Every structure is written in structure tokens, then in C-alpha cells.
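Listed below are the residues making up each chain.
Protein chains: 4
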Amino acid sequence: MTASETIGIGVIGAGLISAYHLAGLSAAGGAEVRVLAARTSARAGPMAQRFGVPEVATDWRAVLERPDIDAVLIATPDSTHEEIAVAAARAGKAILLQKPMAMTVSQCRRIIAAAREAGVDLQVSWMHRHFEEVVRTQELLASDKLGPVHHVRIRNATAGPHEPWFFDSTQVAGGVVMQLGVHGIDLARHLFGDIETVAATTATLQRERRFPSGASVASDLEDEALATYRFAGGALGSHEMSFNEAAGTDRFRLEIYCADATLLLRTTRGALAIHAPRLFGGRGWFMPELPARPFGERQHARWLDILRGRIPSDRSAEDALAGQMAAEAIYRAAESRREERPRAAGAEARQGTDEGA
Amino acid sequence: MTASETIGIGVIGAGLISAYHLAGLSAAGGAEVRVLAARTSARAGPMAQRFGVPEVATDWRAVLERPDIDAVLIATPDSTHEEIAVAAARAGKAILLQKPMAMTVSQCRRIIAAAREAGVDLQVSWMHRHFEEVVRTQELLASDKLGPVHHVRIRNATAGPHEPWFFDSTQVAGGVVMQLGVHGIDLARHLFGDIETVAATTATLQRERRFPSGASVASDLEDEALATYRFAGGALGSHEMSFNEAAGTDRFRLEIYCADATLLLRTTRGALAIHAPRLFGGRGWFMPELPARPFGERQHARWLDILRGRIPSDRSAEDALAGQMAAEAIYRAAESRREERPRAAGAEARQGTDEGA
Amino acid sequence: MTASETIGIGVIGAGLISAYHLAGLSAAGGAEVRVLAARTSARAGPMAQRFGVPEVATDWRAVLERPDIDAVLIATPDSTHEEIAVAAARAGKAILLQKPMAMTVSQCRRIIAAAREAGVDLQVSWMHRHFEEVVRTQELLASDKLGPVHHVRIRNATAGPHEPWFFDSTQVAGGVVMQLGVHGIDLARHLFGDIETVAATTATLQRERRFPSGASVASDLEDEALATYRFAGGALGSHEMSFNEAAGTDRFRLEIYCADATLLLRTTRGALAIHAPRLFGGRGWFMPELPARPFGERQHARWLDILRGRIPSDRSAEDALAGQMAAEAIYRAAESRREERPRAAGAEARQGTDEGA
Amino acid sequence: MTASETIGIGVIGAGLISAYHLAGLSAAGGAEVRVLAARTSARAGPMAQRFGVPEVATDWRAVLERPDIDAVLIATPDSTHEEIAVAAARAGKAILLQKPMAMTVSQCRRIIAAAREAGVDLQVSWMHRHFEEVVRTQELLASDKLGPVHHVRIRNATAGPHEPWFFDSTQVAGGVVMQLGVHGIDLARHLFGDIETVAATTATLQRERRFPSGASVASDLEDEALATYRFAGGALGSHEMSFNEAAGTDRFRLEIYCADATLLLRTTRGALAIHAPRLFGGRGWFMPELPARPFGERQHARWLDILRGRIPSDRSAEDALAGQMAAEAIYRAAESRREERPRAAGAEARQGTDEGA
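Residue numbers (my numbering), protein chains in the order written: chain U, 145 to 501; chain D, 145 to 501; chain L, 145 to 501; chain Z, 145 to 501.
Hints are supplied without guarantee of correctness; some may be wrong.
The list treats identical chains as interchangeable, and a pair is accepted whether it falls inside one copy or across any two copies.
Below are the SDA-like pairs computed for lysine to any residue, each with C-alpha atoms no more than 25 Å apart in a straight line [stated by the list, open to error]: (1) LYS289 / ARG333; (2) LYS289 / THR302; (3) LYS289 / ASP394; (4) LYS289 / ASP338; (5) LYS289 / ALA376; (6) LYS289 / LEU423; (7) LYS289 / GLY358; (8) LYS289 / PRO305; (9) LYS289 / PRO421; (10) LYS289 / THR348; (11) LYS289 / ARG273; (12) LYS289 / GLY377; (13) LYS289 / ARG374; (14) LYS289 / GLY378; (15) LYS289 / GLU433; (16) LYS289 / PHE355; (17) LYS289 / ARG427; (18) LYS289 / ALA347; (19) LYS289 / PHE430; (20) LYS289 / GLU276; (21) LYS289 / ARG353; (22) LYS289 / LEU349; (23) LYS289 / ARG351; (24) LYS289 / ALA303; (25) LYS289 / ARG354; (26) LYS289 / GLY304.
These are calculated hints, taken from the structure and not from any lab test. Predicted, not measured: the structure shown is a model, and the values here were computed from it.
Excised from the complex, chain U in its bound form (with noise of 0.2 Å):
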């Protein structure tokens, strides 16, 4: 496609997530999602109607097949990202894959290497990257003013997702590691850098689940856990993740401790606080106004922007294997009540030990 030629879209899953994105896109501007596939039309004529999706398809093939779709947002439950992915590659779309990745850090090397062979753009949706604060966040980090980082406290908690196949262990890659985590690890490697270690301790507290709906579920997937980092730079990092949480956490909280500075975010300061003497010319906190665009806008401009060769491609999927490599590593230290390299989990795979190839 050209630079200033309107992408078209298909979108599969009709989830939570895709209203974000269809939004985000909306606001964006510049794309026409074309076909919105999900598994029963109940499920995706009520999301196309109220996002103007002009089709409804119940087989996500029917997308794939369209010559008007250049790209695909795949966001449906995890064990379907390998299959979907690759079969959309194949086809020569585009795709903005909804995180977690996929199951395992093998599945995720395939969709990897399915997406260089066919020579299509390969996006992991990362929303966490895109908010203002982050992006504030990194030219901060860019600069020379704040010292090296020391220490990184996240703590990324919700009180649990409300539909019942996120605790079902068929369909999801792991518990509130894998599905709310792991932006806590891909936030951490963006702003940080690598993670070299990990030590880590999880646990389920809740084996029952009740959902507003009345309907309950019994899973032993992790619901809380508690990791701590070291980052390849020297910083440490302490990472909770829960899905118990009765209140204080909107999505994430990130503290950043500095030699000059601290900064802030999503804290009860607002969305990004700032002490940096040496920006400021004196200690104290400074709360930048920050930019109020629509909710996804940013991240999805930049996708687009991405597919009509506007900006360079982002390592958002490297980045999401990487991650899904910490996240592995947290489960083996959990069980292993040491420090765990998310390195080994490359190394066994590269071995193909659970590739089955």
C-alpha cells in the first residue's frame, strides 16, 4: 500500500480488547476495518454495530482470504494466537497480535519466523508503551538529568478479569503472570533494558472465582505473584501482579528511583510526578500537564504509520518473546525457589525439546 492510501483491516476476536483497538483506530484515522470475525455472530454484530464494522464473519479464514484487507488485529484467546498468526501471515497480512503473545516462548518463535518468511509486519500490542507518561517517561530516561537507574518498583494489579476462559489453563499461556505481567516485564525491558535474572514467588488465592454474572469458575492458575530483577544495566526491580487487588492500582504503578531522581507513575500523584533537581533547577515534584488524546490513539497512528513505511518497524514482537522468556523464567523460580535466567528457557527451546520439530 501507499503512504496516504486508507488500510484496511480486518479484526478478529470481539472481546474487551477489541474495543480498545477498533476505538484506537477510529481516532487514529486513516484505516477502515472492514470485517470484524468472531466465533458466533451474537458475539460480533453488537461490537461492528457500534464501531460502524460495515461485515461480521464467524470464520477468522473468511479474513484472511479478502484481497481488501491488509492487516489483521488478532485478539482472541491465547492458544489460537500460533495458528491464527501464522495462517494470516501466510496470507501476506500484516498483524497486530494481542498480547500474551501465544502460549510458549516455541510458538511464539514460530509466529517470528512465519511473519520474516512471508515478509509481513509483525506488531505485538503493547498498550502500556503508548500512554503519555511512558512516552514522558523514556525522553526522561533519554536524557542526561536523572543519573543511573537504581531501582524500578511495578506493580501491575486488577481484581481479575470477568470472562471465565481466562482461567481456563487450555486456552490461556498462565495466570495473572502471563495475561497482566507481562506488561509489567515488556514496561520493565522498554524503560530498562534486558532482564538478566529473576527470583520469584507465586500463588493462587482465590481457587474459586465468582463473576458479576453469577456464574463462577475454579482454576489453579497463579492469581498473585511477586517477582524481583536484575537488570542487565544494575538496576533491581520488584514486580507484583495480582488479580486480587480490592483497589489502588489502575492498570500499573511505576517507580523509578534514580541517583538524581525519582520519578512516578500512575501513583496517587497523578499520572506522572517528577523530582529531578537538575531539570528543575531545585528538589521538588513536578506534575507535567501531559498531552489528553483519545484512548489508544497513539498506538495505533504509530501502527499504521508503521505499515505505510512512514517510521521503521517496532520490536515489539522480539520484544514479546523476550518477555514471554522473563515470564517462563518467573514460573521455573517460583517452582525452583532460586534465581532463574530467562536465557535457559531460549536455550531448551533452541534445542527444539518441545518444538516436536
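With chain U held as given, fit chains D, L and Z onto it using these hints.
Relative to chain U, chains D, L and Z alone:
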């Protein structure tokens, strides 16, 4: 002494923390500090004058010999605690001992044994326990309105001490873990019960420190640490300790995530913010107005009440021993890179291997 | 129309505020905006497309002639309100009229009379009344836990409108008092009852305004005003109005000091902070979690419920008349430099001096 | 006295405010309070002991006779100020006089005249001027980064004094305007210059007051007031004064709206929050870390520096006279229900109508 008598106090040590205790005793009323001992009268004099202490001494033994001294406050470097405290116990003086209790678990045991043998009351000073927001939190946790505690986050952080002896490993029990972290450990045990396992990582980020005076000191003591706990009651805990903070923490931050409530202490929401729908009839944050008492008054009034027999003695010394075990477990875990149990040190100690007895 | 029927709506005006109403109607559901009228199709077209309105018109009369239109939203410059609203009433359309209601008290009276005569429902849009924090405040004031209201402080402030017509005295009823201050007047009357006396001072601080577009406009309309009120119920009120604010106010700030309670709305404590010991069992601030409904949804759902006869009509038009009287009293008081009564204008009007009746 | 000599001070009055001055003098250092006078030694004794004042007196004249007293602090009820201050001046003592300066503008004039004649330094104690956030605000206003001041909002509010004499109109110059409001008036004049016109309304909301002691008092003095100002520099000001506040204000709140900046003092954003894009390179709020000095230290150190001739004398007494004029204008405006000028009282006074001279 009888319940109404004025209590005669001797203070040993003239550092910053002695000023805290002298102000607290003055605010509490009912005691007379009769002598202040320090290594030199140049150190003792100004502080004695500031707080109206009538006499100074340059040998702490002179304090113990006075019959008009009922109780001593020991606020000298860690390495001297055992000798002074044991001598004070044998001289029949009640003791308030500054934290950390001593250099090692074994020293702690010997101090406790000496006090028990002499029949004198022994307290270790955990000032954070007596902060109004902590007292209120303890009451809230004792109610049945919060549900079980799931996760606890503690941060103890400052820019580091300004007195060189804090970085001299012959005088102190350890770096930031022993000087600052023991506060958080005690607070955690005080509020949430025994710590079963510890995982940890430590670092020395500033190997040379410059003080405002212009002096500098080299030290290998850890100045940054990160520990995670599993409490016997089932909660997980993360504990950051830092002597490298630019800004953000006033002594400590504490976040308590319960099944039905969240409590934030000393964060940007103020001293205490409580989300507890079962207490307040709805979702939201309540920030109680806490009593405005002079700093240190509550702790010292309580101590004097213990000395007068008005209330039972606190278990602060036994807790200090348990906290020392947890702190030593942090060091072992940072070394072994795996989970350790605080009890291990006790087991070893009980076998007498480092007690020489 | 029956209670379950879809309500056909016509929107007249395509400025910023129309977008608020269109989004609110869409969120509320149950109504169809069937036509959008603006002076030019260049103005009407983009907004119609954005909100999926199927038809546009360049003459508002065309809207009134359509039988499929049950109700009209009038969001045009103040000087056109009387003509359009009276015509709409005569055409039998229910009316939602943007504030300020009209240019003068007399015009307001004529609009009310026309609606009454035609038997159509007439509402003036006071969006602030429907904010969640205001609804909650109204409930709290209705309880007996706050004690009588002593003092009310209102601030309405922005950096000023970005559309030149707001500064053209032939098109608008006044400056910041009429454009922004009437919101605070209505909020005050809505929550605290009738205003008995008004003292005021006004100023024009920026006699020339430059807009982001590069255009500029000269105007003598007041852009800063300060009024004080005595409420019939005994409370005192201070009311700041500004089109010159650099930062600090998001539409409004409201502080309510009662005998036994204090309420702060839209301050730096968040949307609503309540100190009310008789409600919460102790001194402190409670910040309730308020429902997160789409912006404008509550107001428009209520309007549609009124139109369907599900709830009684609001007195928003009569209140707009009373608010207009208060606003005119501000102008008179600023001129006379003494206290004035809002009723005076009414008295004058009742004598028919400017009514031609 | 020479610049290095210890200054001998006598304190007259033993109420709450004397404790503020005694603590401030102690923190400032370099002065000795040698005698404390109060009506009874039962009042003088405990305060003298608390602050280590060696002697007490029950007749203030005894203080003025002592040659070792260089300066007196007068902190007695308003009705006694003129007599004591004039006598002190004649005795050659420098004077720090508690606010309000006296009962009337005429009394203020006579005190100033007496001090001038005797050649002694005369200060009126405006403690708010010396708060760190006020000092910083003054510096910011003096920079050229904020633009002209448009609007100022001041609130002075407490739950009311706990000593009955504050409600006895024979002993005090007035109610909340004179006791609390004069602080705000002085702060306003200190920061923003002369007040040109005043409009006001006052009320007595609690005609009977009960104190924690169980005693009660009836009073017609105003306990609620609302004034608006036009400053000579063009700014508008609103000023709330209350002795009926449940919660919300710690002595004062101050909001300053400038053309290019907004400053909030002692609001829920902390002691000082600054929005000033030209200072910080962008929109946002900066909350400076202010020096943590003991309460009262700055004011008293400054006073002692004036007494030693190290810095020029402050105009605090002339400002007190001007403030008294503004306060009296508030009473007149509340009576006349129209704008009044502070100068009028002066004009009247200059005609000698109430001076008997």
C-alpha cells in the same frame, strides 16, 4: 519505683537519635534525664544544654553506677550494644536499646539472657511502631473488615546517613539492611506476623560516599537491597531498602493489599489512606485525621508506663532477635541466590556454634 | 411518543457543545439524531459524519418541519435562542436549549411562555448538575449529617473560548458572567437555594484576544468577575469567574463549608472530598469512588426519560430565568457598586417595561 | 546593643501565642527571654518553666523597668495594646506587638507616634509573612515570569478560639475579621500591594459558643465574613473569614491567578504548587521542597537581626495601620452594603474626630 515516682534516666550516646529520645521523653513527661554520656564532653555538652540535662559524663560506666538512674537509653554504635547493655542489666537498670539490637543474633541472645537473669526490663526502640498511622493500621487489621492480607509492600529509603561510622563495618552490624531495613522487618512482623522465607538481592551502588562536611568514606557495605517474604499467615511481601534515594520516601512507605481493603501508609495520599468498603459503606478512600502529638511522645510515654508497671512489657527485644534473624537471612539469601528461612540462623545459634558457650 | 419508542431528535448548531450533546445522546441510547442543522454544510457535514447523523440542513426551519423529529437541541449563539426556541415550541417540538437561555430576562420569559402555550417540554442544559460529584453532593446535602451551609466558594474559570463570536456583544448575552458564570449560579441555586442579594465587581483584562488560529478579536465584554451572594437560607457565597486562567480549574471548583462538614468538589483532592464526621465515624477526608459513566450520558438519559414521561420534568427553564436574573444583578451591582437583588429585574419585567405587553 | 550581644527580652502575656514566640526565639538563638509577665503567676509559671524563662512577673510595668531588657514582646488582649506599647516605647524598649495592633486605627496611630518619638523599633507580628511558602511566593511574584496578578483568593478559617476573652467585645477589636482576617489582609497587602476598595458582608452564625472546657459564652461579634477587594495594581481579591469551619483550612489558603501562572498555597496540593510554564519549560505543577526550619525560627531570627541593626527595619507597623483601615472598611462596607475605601477611616482620623487631639 512506684507508679507515680519520677523516673531517673541516663542517656548513653549523643548522636542524632539521642535527640529524638530526649525530645520524646520531654514531651512524655514524668521522667528526668539526669546524665548524658558520650565519648567526649564536646559531644555531650551541647546536647545536654539543648535538652536541659544537668550533667554529662564521658564514661558510660559512670551512668550505671548512679543510684538515681532507674533506666538507661543506649544509643551508641551497634558494636558497643552488647557490652553496655549487659553491664546495664547487671547494674539493675531498665534498658531501652537503639536498633539494630546488636551485631549478630548471638549478641542479641546474650543481651536478652542478661536482662532476664538480672530481672530488668529490656526494650529495643522501634520508633515506627508508635507512629499514629501504624497504631491505627494495627487496629484496622485487628478488625474483621479488611479480609486476609494478600500483599505487603515496604520501602525504607533515605539518601544515606551523614555520619562516617555508619559505613565502618567494624562498628555496625551491616549496611542498609541492618540500619534501615530492620525497621521495615520489624514493622512487617509487628503487623503481619512471622516471616517464613526470605529471598533477596543486595548491591553496593556508592562505594565512596561524600558527606556535606566534605569528608568522604569508602565502604563495601550494601547500600541497596531488595527482599521478598512469605509470611506464615500466607501473605507475600516485597521490601526495598535504599541509602541512595534522591526523593520519594519519608522513612518508609507501606502498602497493604487485603482481600477486601487496601491501606496506603506514608504515600502521596498522606499518612494513611484506607479503602475499606465494609468500614465506610462504599468504595472510596478515607484519610483519617490522626492525633497530632509531639514526635516521640507516644513511644516514650509507653516506655515509662511499662517501667511504672502500668502496662505489660512489650516483646520488642524478642522481636528484635527475630528481626535480626530475618536480616541475616537476607544476607544469606543474597549470597545463595535462593530462598532462606530466618529460623536457620536460630537453629545454628542454638547449637552454640558461634556462641562460644 | 410512548415510553418505549425511539425518540427522533434534531440538532441545531454544530459547535463544540453540539459534540457534547451528540456523544451524550449516543451513550444514553434510545434516541436517534435524524438531522443536524448548521449555517453551512461545511460546518454541519463533518460533525454529522463523526456522529453518524444521516442528514444535514442549512436552515433550522427545515428541522422544525419534519414530522419524524420529536425534540430539538438548540446550541446556537445566544442571540438566536429566542427566535428558534419560540418557533420550535410552536412547531410542537420538545426543546433542550443550551445555556445561557437567552440575551435577557425578557427573552427568557417569552421562551417559557411559548413552551407553556404550546404544551411542549422545555429544558435548559445545565451540564454541571449532572456530574456524578454534584449528584452525590446533592444527596449529601439532603441528608441531615452536614449541618447548615455556612459558606460556599465557586470558581468558574478557563483560558477563554476559542471562537470569535463569544466576544461579539451582538451575538452573546454577556462576557464571562453569562458564558461561564451562569453555570456556577445555576449550581449554587440548584444546591443551596435562592440568592437574595448580589454584590459584584467585573473587569476586562484582555481587550484583545488572539486565538490559536492566528485570528484576533477586540472586545469590551467582561472577562473577569467576582460576585458575592447572600442566600435566602443564610449561607454566604463567593463566586469567581474568569476567562483569563492559566491553570487550576477544570470547568469549576466548589467548596462547601457546613456547620459539621466540609465538601470539596473538583479540587486537587479529586472530584469530591468529604469531611463529615457524622457520616464516617471520625474526622478525616473521604473521597468516594464515583460511577464511571460516559461523559454526558447521565444528563441525556434523564432528558429522554423526561420526554418519555418516565420522570417528571425538571425545572431547568424556570431556574435558567432565575439564574439570568442573578447574572443581570451581577452586572447592576458591578455598576452601582452596591448590593443588588436578583428580583429587581423581575420586578421591572413584571411592569412590562421591556416586554411590550 | 551591638550586633553580637545577646538581646534581653521580656515577654508580656502567657497565652497560646506566647508559646509560639518563645519557641521561635529559642530556635532563632542569640536572645535571652529574661522575664515573663502575666496577670497571675499561675498563668506565668508553667509557661516560664516550659521555656526555661528564669523569672516571672505579675505586673507588666516591672518588665519595662528592668535595664537588662532590650525588647519586649506584647501578646496580651487587644484592648491593652495601646497602654502597654506606649509605655514600653517611653521606657526605651524595642517592641514586637501581637496582631491585631490595637482596637482602632486611632490607637494604632498613637502607638506608632510613641515609638517614633522614643526612637524605638516597633514591629507588629505577622507570622504568615514568614512562612516558607509565602517567602517563596514573594520571590516568584518579584520575578517577571508570572505576568500580572488577576485574581487572588484568600481563606482564613478555624473552628474558632478556645479562650472566652476572644468573644468579649470590650477586650478585642472585633470578631473574625480582626482576629483572623487581618492575617489575610496583611498577606494580601504584603504580596499584592494596596487595597483600593472593599465590599463585604458579615454574619454571626454562633451566638453562643461552647468550649471544650464546658464553659460557654454569648457574643454578637461577627464569626463569618466575606470581603472582596480591588487592589490598586488591578487585581481582584476575594477573602473568606470564618470561625465556624469544620475542616479544610490550616490557618489560610491562598490561590493566586496570574496572566501566565497560577500559585496555590496551603491547599490540598501541599504548601505551595506552582504552574508557571515560563519558569519550568512547560505546563504542569511544580511543588518545591521548602526549607524545613523550626516553626517561628525565621520570623524571630529576622526580628533579632533588625534589633541588631543587621537588616533594615520592616514596615510591619505601618502595614498594620493600613490593615486596620482595611478591616474597618470591611465593617463599614458590611453596614453600608456598598463599596468602601480603606482611606476613609484615615481621613476621618486625620481630622482628629476620634483622637481628642
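Hints versus structure:
Only within a single protomer do LYS289 and ARG333 lie at most 25 Å apart by alpha-carbon distance; the minimum there is 20 Å, versus 39 Å between protomers. Taking identical chains as interchangeable, the C-alpha atoms of LYS289 and THR302 lie at most 25 Å apart only when they sit on different chains, with a minimum of 20 Å there against 34 Å within one chain. Within a single copy, LYS289 and ASP394 get their C-alpha atoms only as close as 28 Å, which misses the 25 Å cut-off; across copies the closest is 23 Å, which meets it. Taking identical chains as interchangeable, the C-alpha atoms of LYS289 and ASP338 lie at most 25 Å apart only when both belong to the same chain, with a minimum of 22 Å there against 42 Å between chains.
For the identical chains of this complex, LYS289 and ALA376 are intra-copy neighbours only, at 21 Å inside a copy versus 43 Å across copies, given an alpha-carbon limit of 25 Å. Taking CA atoms no more than 25 Å apart as the test, LYS289 paired with LEU423 passes in both settings, with 6 Å inside one copy and 18 Å between copies. Taking CA atoms no more than 25 Å apart as the test, LYS289 paired with GLY358 passes between copies only; the shortest distance there is 24 Å, against 52 Å inside one copy. For the identical chains of this complex, LYS289 and PRO305 are inter-copy neighbours only, at 24 Å across copies versus 39 Å inside a copy, given an alpha-carbon limit of 25 Å.
Taking the closest pair of Cα atoms, LYS289 and PRO421 come within 25 Å of each other both inside a single copy (8 Å) and across two copies (19 Å). Taking the shortest Cα distances, LYS289 and THR348 sit within 25 Å of each other only across copies (22 Å), while inside one copy they are farther apart (42 Å). Proximity of LYS289 to ARG273 under the C-alpha cut-off of 25 Å is restricted to the intra-copy arrangement: shortest distance 21 Å within a copy versus 35 Å between copies. Taking the shortest Cα distances, LYS289 and GLY377 sit within 25 Å of each other inside one copy (17 Å), while across copies they are farther apart (40 Å).
Proximity of LYS289 and ARG374 under a CA criterion of 25 Å is satisfied intra-copy only: 23 Å inside one chain copy versus 37 Å between copies. In this assembly of identical chains, the alpha carbons of LYS289 and GLY378 lie at most 25 Å apart only when taken from the same copy (18 Å versus 41 Å across copies). Taking the shortest Cα distances, LYS289 and GLU433 sit within 25 Å of each other both inside one copy (20 Å) and across copies (18 Å). In this homomeric assembly, LYS289 and PHE355 come within 25 Å of each other (Cα to Cα) only across copies, at 22 Å, whereas the closest approach inside a single copy is 47 Å.
In this homomeric assembly, LYS289 and ARG427 come within 25 Å of each other (Cα to Cα) both inside a single copy, at 13 Å, and across copies, at 19 Å. Only between protomers do LYS289 and ALA347 lie at most 25 Å apart by alpha-carbon distance; the minimum there is 23 Å, versus 39 Å within a single protomer. In the homo-oligomer, the alpha carbons of LYS289 and PHE430 lie at most 25 Å apart both inside one protomer (14 Å) and across protomers (17 Å), since each shortest distance falls under that limit. Taking the shortest Cα distances, LYS289 and GLU276 sit within 25 Å of each other inside one copy (20 Å), while across copies they are farther apart (27 Å).
In this homomeric assembly, LYS289 and ARG353 come within 25 Å of each other (Cα to Cα) only across copies, at 20 Å, whereas the closest approach inside a single copy is 47 Å. Taking identical chains as interchangeable, the C-alpha atoms of LYS289 and LEU349 lie at most 25 Å apart only when they sit on different chains, with a minimum of 18 Å there against 42 Å within one chain. In this homomeric assembly, LYS289 and ARG351 come within 25 Å of each other (Cα to Cα) only across copies, at 21 Å, whereas the closest approach inside a single copy is 47 Å. Within a single copy, LYS289 and ALA303 get their C-alpha atoms only as close as 37 Å, which misses the 25 Å cut-off; across copies the closest is 18 Å, which meets it.
In the homo-oligomer, the alpha carbons of LYS289 and ARG354 lie at most 25 Å apart only across protomers (20 Å), although the nearest pairing inside one protomer, at 48 Å, exceeds that limit. In the homo-oligomer, the alpha carbons of LYS289 and GLY304 lie at most 25 Å apart only across protomers (21 Å), although the nearest pairing inside one protomer, at 38 Å, exceeds that limit.
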